[in-house]
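Asks: Chain A is fixed; fit chain B onto it per the hints.
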Amino acid sequence: MEKKKDKIGVYICNCGTNIAKVVDAEAVARYAATLPNVHLAKTYKYMCSNPGQEMIAEDIKENDLDRVVVAACSPNMHERTFRSALRMAGLNQYMLEMANIREQCSWVHKDRKAATKKAMALVSGAVQRVLKHEALESMSVDMNPSVLVIGGGIAGMTAALELADAGNFVHLVEKDDHLGGNIARVDLTAPYYYSAVDLLSERMTRTFEHKNIQVYLNSKLTELSGFVGNFAAKIQKQNGLSEDEAKAKEVAIGNVAICTGYKEFDASRVTHYGYGKLPNVITSFELENMLKSGKVETKEGKIPKYVAIVHCVGSRNKEFHTYCSRVCCMTALKYAHEIKSANPECYVSDVYIDMNAFGKGHEDFYRQSSKAKTLFLMYDKENRPVIHKAGPKDDCEMLIEVHERLSGEHIEIPADLVVLMVGMEARDDSHEIAHLTNISQDKDGWFIESHPKLEPVATTTDGVFIAGTCVAPKDIPDTVAQARAAAARILARISKGKIEIDAVFAEVNEDVCSGCRICNVMCPYSAIEFDEEKKKSHVISALCKACGVCVAACPSGAIKGRHFTDQQILAQIEGIFSKVEYSEPAEVS
Amino acid sequence: MAEEKQKIKMAVYWGAACGGCCVSVLDVHEALFDVVAAADLVFWPIALDTKYQDVEDMPDGFIDLTLYNGAVRNSENEHIAKLLRQKSKILVAYGSCSHMGGIPGLANFSTKEEIFDRVYHDTESTINTERVVPQPEFEVAEGVLELPVFYNDVRTLADVVEVDYFMPGCPPQTARLVEVFTAIVTGAELPPPGSVIGAGDKAQCDECSRKKTENKGVKKFYRPWEVVDDGETCFLEQGILCMGPATRTGCDFRCIQGNAPCRGCYGPTPDSTDPGAKMMSAIASVIDEKEPVAIDKVLDDLVDPAGYFYRYSLPSSYIRRKMS
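Protein chains in written order, with the numbering used here: chain A, 13 to 601; chain B, 203 to 526.
If we strip away everything but chain A, and leave its shape as in the complex, we get (with noise of 0.2 Å):
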C-alpha cells in the first residue's frame, strides 16, 4: 500500500473584497500554515477564477498534495470547481473540504477581529476533517431517452418537439382536453401582435403527429417512482370511460420536464374593484375574448365610451402577491392601441402603479403606445383604486376614484368598460405536482430551481426540470427558452448514455445492520428497502439524496453517510474548537 502522506494544500480566497475586506486572508493563511499536515497556504484574489484554479491543481502536482481545504464561499456555490480543480490533477475529488469564509462569515460580520478568528477556527475545522476525507468513487447508470412531459402549453409542446425531434419518445400529459395552455386563451401577443393562434396551431398539429410523441389529453401523474435515467411514471386519465382507461398507464422514462404553467389571479378576491358584482368590470382574459370576436362592448352590447385598465391585480401588493407578473404591463398597453384603433372616439385610461418594460423591444412599444392619446394615471401599490357605479346624472357606467401620485391629486375618472390585468399565480394543484416529482416550491407556489441563477431549469431532484411559468411569471419568449433549455438540459443527458451519480450517499454496513428496521420508513425518497430474506435493511444508492436521516435514525451506526461520517464531522467540530490567536495589525495609511 502506498505510504499515507496526508499533505494538505490550503487555498484562502479573497474573493475579491468580498472575503478580504473583513476577513485578514493573509493572517488565515499564516495561521492554516502552522496546522498540522498543512504543508502550503495561500491566499489569491478569486480562487474560483481559471488562474485559481490552476494554481491548486500545478500545486497539488509539485508539491505531491494529497488534500486541500479551499477556504471561500459556500460549497453550494463553488464545491464542484474546486472538485474539477482535483480531478485535473489526477487527485479524488472528494479530497477536498470547504470552509464557507464568505456567507458564513464576511458577509454576515463587521468586526475584523472576530471574523478573522471565526475564519481561523472554519478553516480549522475543514483541516481536521479532510484528514479524514475518504477517496470516492461516483457510479454510473444507464439513461433511458424516453421523456416525460407534464403541461401540454407553450413550453410543454416546445420541449416535447425539441426531445422527440431528436430521436426521443416524449410522453406528454395535458390536464385538459386540448393543447396550447393559457395561449390559447389570447388574441394577440405583445408587443408585435403576432397571433397567438398562429405561434400555437404548428405545434399543436405537429405535437400530435408527430410519431415520438404521446399525447395524453384529461390525463394526470399520480405517481413518479425511481430515479434520474429510470423513472416509472403512471398516468392516469381524468373520466375515463371505459375500463381500459380507468388504469393508470405505466411508463418507463429517463427525465421529467414540467411545464404546468399559471392560472390567473381571481379578480373578485380584491373586494372593491366590484369584479363579479359589476357587470363590466372584466379580466384581461374576457376581454381577450372580445378581441378574438372582434367586438369590444359592454354587457349591455354597447360600445363603450370610457374604458379604464387597471394593472397589477393581484400583483406588487402586500395583501395578494408581492412579486410583478411580468406580462401585464404590455399586455395592457396592447388593449389600449388595440381599443383605440377600432374605436379612435373612445377615452382608454391607463391606471397603473409602474410601467415594467424590461424586455426585448418593450420599452420601444411603450414609446409608441403613449403617443395613442391614451390617458396613463399611476396610482400607490398599496393605494389602490376605488371602482363603483356612477350615479344617474354621469354619463358613464362607473367612476374610479385613484390617487393619482405624479400630480397628487384625488382623481375621478369615468368607465363605461373596467378590464383588470390578472396576475399570475401558481396552480392549485401545484403542490401536488411537487409532491409527486418531489421538488421545492416557494412562498408563492413557484417551483424552485436548483440555482436561481446558474440553474434556472434545474430542480434539486436529478433529473426533473421545470420550464415556464411554473417556475416564476414571465413572457413567451422566456417561456419558449426556458422550455428549449430544459429539453436541452435533457439531450446532453441522453447523448451521453449514462448518468454519473455523485458518490455521497448513504450506506448500510450489512455486516452491523441488525433489521431493527426503524430506519425503513424514514427515507423522504423511498430509497431504503428490507430484505425479508436476510433481515437486513439496504440503501438503494441511486435514489439516495444523502439527506442524512437514515443515518441519524439507525440506532447501531450501520449506516454510514458517505462523506458525512461521524468521524468526519467530530473532527471537524474538534478543529472548530482548537483555540485560535489574532491581532490586528497596525494601521497602514
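You may find that some hints are simply not true.
Stated by the list, open to error - The list that follows gives simulated cross-link-like pairs (lysine-lysine, BS3-like), each with its CA atoms no further than 27 Å apart:
id	chain 1	residue 1	chain 2	residue 2
1	A	LYS572	B	LYS413
2	A	LYS508	A	LYS557
3	A	LYS572	B	LYS492
4	A	LYS547	B	LYS421
Keep in mind the hints are simulated off the structure, nothing from the lab.
Replies: Leaving out everything else, chain B in the frame of chain A:
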C-alpha cells in the same frame, strides 16, 4: 501427553462496582475447578485474603490476566488500576462499569458536592448535626488515617490506564467469560488490543425473536407495566423503550427473553461510539408527530430520559457528565 501445562496467573478486582461481576465469575459453578486447574488466582479481594502489598511485591507483568470490574470513582480505584496495569500482561475491562462507567457513572449527572450533601446531610434518615463528611486524611492520636479521595467524575478504566480488552455486560454472561478464559489459556490467537471481546458485532435485534415490522412510529411511550405485552411484538412497536437496537449482542437477549426491554448494558455496536446519543436520535426519528407541541407531549412520557439512554454509558459518552 504427560507434559504439564503451565498454569496462568489471574487476578480479579473490583473498583466502583456492585459485586455482580465478581459473582458472575463465581457463577461458572463447577467449571471453577477447571479454572483453578488452569489458573492460579493470585489476587481477588471478594474471594481471597490477599493484600495490596502482595500485588505491589509482584514483579511487573507477573499476572497473565486481570479482570478489572467496576468504574474508577476514587483514588483507590485509580491506584489499583494503575498497579494492576503494571503487573498484568492482559488487562480486561470486565463489565459495563469498567467498560463505559456503568450504573455508578450516572453519578456524573451530579457533582461531588451534590452527592456529599445528599448522602451525608440531606437524606431523610440522616442526622449529622456536626456536618461530618469524609476527609482524605484525618489525624488521630495514633497517627494519620486515610480514606480514598472521592473524585468529582466517575471514569472508565480506559480513561485511567491502557486497556487490552473490553468485556461488556452487567454482568458479562458467564458463558462468554468461559469462552474468553478458554481462549486465553489455550493460547488461541487473540484479537488486536483495544477490541471488545465476549460479545457480538450486531445489535440485539439481530438475535431477538420478537416480530419486527417497519411500523415503528410512536405516538405514546409506555413504561413496561402500563401495557399488556403480547410477548411477541417488538417492544418499540408497543411504545416501550428498548435499547436493543443500539446495543451489542452477547447476552442472548436475556432481558427480552424475560419479557423486559433491553437496558443497554452490552454497550454500543462497533461503529457507534455513543449508544445513548444514537438511541435518542433513533427515538426522535420514530416519534410519529409533526407539531412541536405534540412532540413535546410524546416526550413527556419518557421518564428520566438521560438516565434511560445513558444508563450504562454516561462517562464514556460525548457529554460525559452534567456541566456544573
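Asks: Hint by hint, say whether it matches the structure.
Replies: Structure-based check of each hint:
Distance check on the hinted pair: LYS572 (chain A) and LYS413 (chain B) sit about 25 Å apart at the alpha-carbon level, within 27 Å; holds. For the hint pairing LYS508 (chain A) with LYS557 (chain A), the CA-to-CA distance comes to about 22 Å; that is within 27 Å, so the pair holds. Between LYS572 (chain A) and LYS492 (chain B) the alpha-carbon distance is near 26 Å, which keeps this suggested pair within the 27 Å criterion. Between LYS547 (chain A) and LYS421 (chain B) the alpha-carbon distance is near 26 Å, which keeps this suggested pair within the 27 Å criterion.
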